[in-house]
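There are 2 protein chains.
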Amino acid sequence: MSTLANSSNIFWHECPVGKTERHKLLNQKGCVVWITGLSGSGKSTLACSLSRELHSRGKLSYVLDGDNLRHGLNKGLGFSAEDRTENIRRVGEVAKLFADAGLICIASLISPYRKDRDACRAMLADANFIEVFMNMSLSLCESRDARGLYKLARAGKIKGFTGIDDPYEPPLNCEIEIQEKDGVCPTPSAMAGQVVSYLEDKGFLQDQ
Amino acid sequence: MSTLANSSNIFWHECPVGKTERHKLLNQKGCVVWITGLSGSGKSTLACSLSRELHSRGKLSYVLDGDNLRHGLNKGLGFSAEDRTENIRRVGEVAKLFADAGLICIASLISPYRKDRDACRAMLADANFIEVFMNMSLSLCESRDARGLYKLARAGKIKGFTGIDDPYEPPLNCEIEIQEKDGVCPTPSAMAGQVVSYLEDKGFLQDQ
Chain A
1 MSTLANSSNI
11 FWHECPVGKT
21 ERHKLLNQKG
31 CVVWITGLSG
41 SGKSTLACSL
51 SRELHSRGKL
61 SYVLDGDNLR
71 HGLNKGLGFS
81 AEDRTENIRR
91 VGEVAKLFAD
101 AGLICIASLI
111 SPYRKDRDAC
121 RAMLADANFI
131 EVFMNMSLSL
141 CESRDARGLY
151 KLARAGKIKG
161 FTGIDDPYEP
171 PLNCEIEIQE
181 KDGVCPTPSA
191 MAGQVVSYLE
201 DKGFLQDQ
Chain B
1 MSTLANSSNI
11 FWHECPVGKT
21 ERHKLLNQKG
31 CVVWITGLSG
41 SGKSTLACSL
51 SRELHSRGKL
61 SYVLDGDNLR
71 HGLNKGLGFS
81 AEDRTENIRR
91 VGEVAKLFAD
101 AGLICIASLI
111 SPYRKDRDAC
121 RAMLADANFI
131 EVFMNMSLSL
141 CESRDARGLY
151 KLARAGKIKG
161 FTGIDDPYEP
171 PLNCEIEIQE
181 KDGVCPTPSA
191 MAGQVVSYLE
201 DKGFLQDQ
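Chain order of the listed sequences is A and B. Residue numbering for the first sequence follows UniProt numbering, beginning at 1 and increasing consecutively. Residue numbering for the second sequence follows UniProt numbering, beginning at 1 and increasing consecutively.
Keep in mind that the hints were calculated from the coordinates and are not lab data. On a predicted model such as this, the values are computed, not experimentally measured, just so you know. Careful: at least some of the hints might be erroneous.
Identical chains share a label here; the pair holds if one copy fits it or two copies do between them.
When the alpha-carbon atoms are kept at most 20 Å apart in a straight line, the in silico EDC-like pairs for lysine to aspartate or glutamate are as follows [what the hints assert, rightly or not]:
#	residue 1	residue 2
1	Lys59	Asp145
2	Lys59	Asp182
3	Lys151	Glu21
4	Lys24	Asp83
5	Lys59	Asp118
6	Lys157	Glu169
7	Lys75	Asp118
8	Lys202	Glu53
9	Lys75	Glu86
10	Lys75	Asp100
11	Lys24	Glu142
12	Lys59	Glu82
13	Lys19	Glu177
14	Lys151	Glu53
15	Lys19	Asp83
16	Lys181	Asp118
17	Lys59	Asp100
18	Lys151	Asp166
19	Lys24	Glu82
20	Lys75	Glu93
21	Lys75	Glu169
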């Protein structure tokens with residue numbers, strides 16, 4: 001089939017074990033928790049804390065970390081606008097598979113552009129895409145700078161760094177917003193608690 | 001970071017909930033069952049039957065179907081040797097994530113070239129990659145031809161069709177071989193049984 005890309009010869013295979021069966025087995029409903037925000041805004045911290053909290057309740061989750069995936073699935077992609085879009089698209093596609101498999105998939109990526117996040121949202125039934133906006137000020141994120149990336153960006157040694165010389169477009173209608181208070185970020189467990197409450201309210205953690 | 005592809009600025013994030021915790025939660029060990037063989041050799045049939053059998057034992061599996069993924073994650077990839085390799089590489093990377101998440105991931109792809117399959121094997125700890133070779137003769141596969149693809153290939157209307165004008169390289173050291181007997185393919189449940197026995201023997205289905 002070397003001459004036919006995405007041709008009509010590619011069929012869809014349905015499997016008898018579906019989403020509903022997996023939900024019953026796992027006692028939860030698959031979904032994507034998409035954590036977006038600046039570098040240093042606490043995305044990975046929330047992802048870890050949330051997966052720990054879910055695990056303690058006997059729920060199966062899996063973290064897709066944007067940085068980690070750049071070592072594997074997205075190896076070979078750079079940081080041009082086009083590559084960023086493709087990077088996020090692939091994470092969205094994989095997150096969709098995990099949600100379909102019944103897991104609470106926690107995707108943690110800067111994902112600075114609204115249109116890229118919305119494209120991922122559009123891959124899923126709307127209620128199953130839960131966008132979490134880490135609404136932390138640039139100054140707070142920059143003051144942490146655990147890896148010295150902001151310093152490098154300010155010195156012009158990293159170009160196109162989100163928040164410095166590349167824009168971050170905040171969500172317009174996210175499901176959850178995590179906010180700093182008096183210049184301080186909530187604790188990891190407080191952040192996780194906020195997301196878990198949402199998941200509970202919406203029935204994702206209930207026995208199916 | 002637009003100028004730095006895969007730069008040293010991309011760090012690896014470890015999460016406190018790991019593989020072992022997920023294995024305990026699921027009472028199984030994650031792995032990849034990689035089903036390879038000609039078009040019409042029964043890959044999808046085995047994948048479905050196996051996932052049904054595992055589900056009936058309370059085990060969580062997920063099927064990654066090569067054809068289905070071409071509608072999503074691998075949309076945009078064609079059938080050139082290069083695109084086929086990238087197609088298989090991505091499925092391998094995603095299968096690895098699913099195995100890490102604790103699932104028995106069933107990948108079903110023609111994956112005709114040995115080097116592409118071996119590259120996927122190399123992504124995982126060796127014991128966790130279980131290659132299943134659908135060892136069916138071309139004549140058996142062609143006699144089924146449910147979708148009329150072989151007919152099109154024989155008529156020259158599909159070029160580079162595996163088994164017709166593109167090679168299939170059989171595995172040299174696969175874990176499981178499914179064979180036709182007297183020109184007949186085993187039943188779906190017999191094929192699934194063969195794989196389940198293997199998984200049981202190797203401890204993938206045991207309480208962790």
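Against the structure, the hints come out as follows:
1. Lys59 <-> Asp145: neither (32 Å within a copy, 43 Å between copies)
2. Lys59 <-> Asp182: neither (33 Å within a copy, 47 Å between copies)
3. Lys151 <-> Glu21: For Lys151 and Glu21, the Cα distance exceeds 20 Å both inside one copy (50 Å) and across copies (37 Å).
4. Lys24 <-> Asp83: neither (38 Å within a copy, 37 Å between copies)
5. Lys59 <-> Asp118: neither (27 Å within a copy, 34 Å between copies)
6. Lys157 <-> Glu169: Neither: 23 Å inside a chain and 48 Å across chains, both beyond 20 Å.
7. Lys75 <-> Asp118: between (23 Å within a copy, 18 Å between copies)
8. Lys202 <-> Glu53: So Lys202 and Glu53 pass the 20 Å test inside one copy only (17 Å; across, 31 Å).
9. Lys75 <-> Glu86: both (11 Å within a copy, 11 Å between copies)
10. Lys75 <-> Asp100: Intra 24 Å, inter 18 Å, cutoff 20 Å: inter-copy only.
11. Lys24 <-> Glu142: neither (44 Å within a copy, 39 Å between copies)
12. Lys59 <-> Glu82: neither (36 Å within a copy, 39 Å between copies)
13. Lys19 <-> Glu177: Neither way: Lys19 and Glu177 sit 29 Å apart in one copy and 29 Å across, limit 20 Å.
14. Lys151 <-> Glu53: neither (33 Å within a copy, 55 Å between copies)
15. Lys19 <-> Asp83: Neither way: Lys19 and Asp83 sit 31 Å apart in one copy and 30 Å across, limit 20 Å.
16. Lys181 <-> Asp118: Intra 28 Å, inter 51 Å, cutoff 20 Å: neither.
17. Lys59 <-> Asp100: both (15 Å within a copy, 16 Å between copies)
18. Lys151 <-> Asp166: within (15 Å within a copy, 53 Å between copies)
19. Lys24 <-> Glu82: The answer is neither: 39 Å in one copy and 40 Å across copies each exceed 20 Å.
20. Lys75 <-> Glu93: both (16 Å within a copy, 10 Å between copies)
21. Lys75 <-> Glu169: neither (25 Å within a copy, 27 Å between copies)
Taken one by one, the earlier hints fail for this structure at numbers 1, 2, 3, 4, 5, 6, 11, 12, 13, 14, 15, 16, 19 and 21, listed in ascending order.
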